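Student: Generate coordinates for the entire structure from the input sequences, incorporating the hints supplied.
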Amino acid sequence: MLAAGHCRVDPGACRVARRERLICTSAVLLDGGAGVRFTIERGGTPLPAFAVRFHGVVRAYVNECRHQATELDWNPGEFFDADRLYLICATHGALYQPDTGMCIDGPCRGARLAAIAVYEREGGVYCSED
371 MLAAGHCRVD PGACRVARRE RLICTSAVLL DGGAGVRFTI ERGGTPLPAF AVRFHGVVRA
431 YVNECRHQAT ELDWNPGEFF DADRLYLICA THGALYQPDT GMCIDGPCRG ARLAAIAVYE
491 REGGVYCSED
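For any residue, its number in our numbering is found by taking its place in the sequence shown, counting from 1, and adding 370.
Derived from the structure by calculation, the hints contain no laboratory data.
Note that the structure is a prediction, hence the values are computed from the model and not measured.
Be aware that one or more of the hints could be misleading.
As the list claims (entries may be wrong) - Between beta-carbon pairs, the in silico distance windows are: (1) Ile-474 x Glu-390: 26 to 34 Å; (2) Gly-463 x Glu-492: 36 to 44 Å; (3) Ile-474 x Thr-440: 15 to 23 Å; (4) Glu-448 x His-425: 14 to 22 Å; (5) Tyr-489 x Thr-409: 13 to 21 Å; (6) Leu-400 x Ala-484: 21 to 29 Å; (7) Gly-463 x Arg-491: 29 to 37 Å; (8) Gly-480 x Glu-390: 30 to 38 Å.
C-beta: ideal position from N, C-alpha, C; glycine also.
Tutor: Below is the structure:
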């Protein structure tokens, strides 16, 4: 027996238990390129979020540095450092691994960005909201 909200198949098959939301088209997210900003709700509170593509995989996080509650991007949608290897906080320079959200350098070293489950299907990037 599965807990409520869990699926044996892809998230698209669970539309009864979850609300699916299109974030952007897959083509918009280039590997190491600009991210897409969007908003999610957690506990009834709207939160800024973003999605990026790194090594071919789309990842999404709450757009909030773990050091201070500031958004990461230095310009809207610009989350990567100059080498396109890490996500960087524009305020204090904390570096995060794009694939895990782990801070590897800066004032919040060892902390993680809050991940958001996303998936690609039929040319779109989606998140599921319970």
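Student: Does each hint fit the structure? Answer for all of them.
Tutor: How the hints compare with the structure:
no.: 1; hint: Ile-474 x Glu-390: 26 to 34 Å; verdict: holds, 33 Å
no.: 2; hint: Gly-463 x Glu-492: 36 to 44 Å; verdict: holds, 38 Å
no.: 3; hint: Ile-474 x Thr-440: 15 to 23 Å; verdict: holds, 19 Å
no.: 4; hint: Glu-448 x His-425: 14 to 22 Å; verdict: holds, 19 Å
no.: 5; hint: Tyr-489 x Thr-409: 13 to 21 Å; verdict: holds, 18 Å
no.: 6; hint: Leu-400 x Ala-484: 21 to 29 Å; verdict: holds, 24 Å
no.: 7; hint: Gly-463 x Arg-491: 29 to 37 Å; verdict: holds, 35 Å
no.: 8; hint: Gly-480 x Glu-390: 30 to 38 Å; verdict: holds, 33 Å
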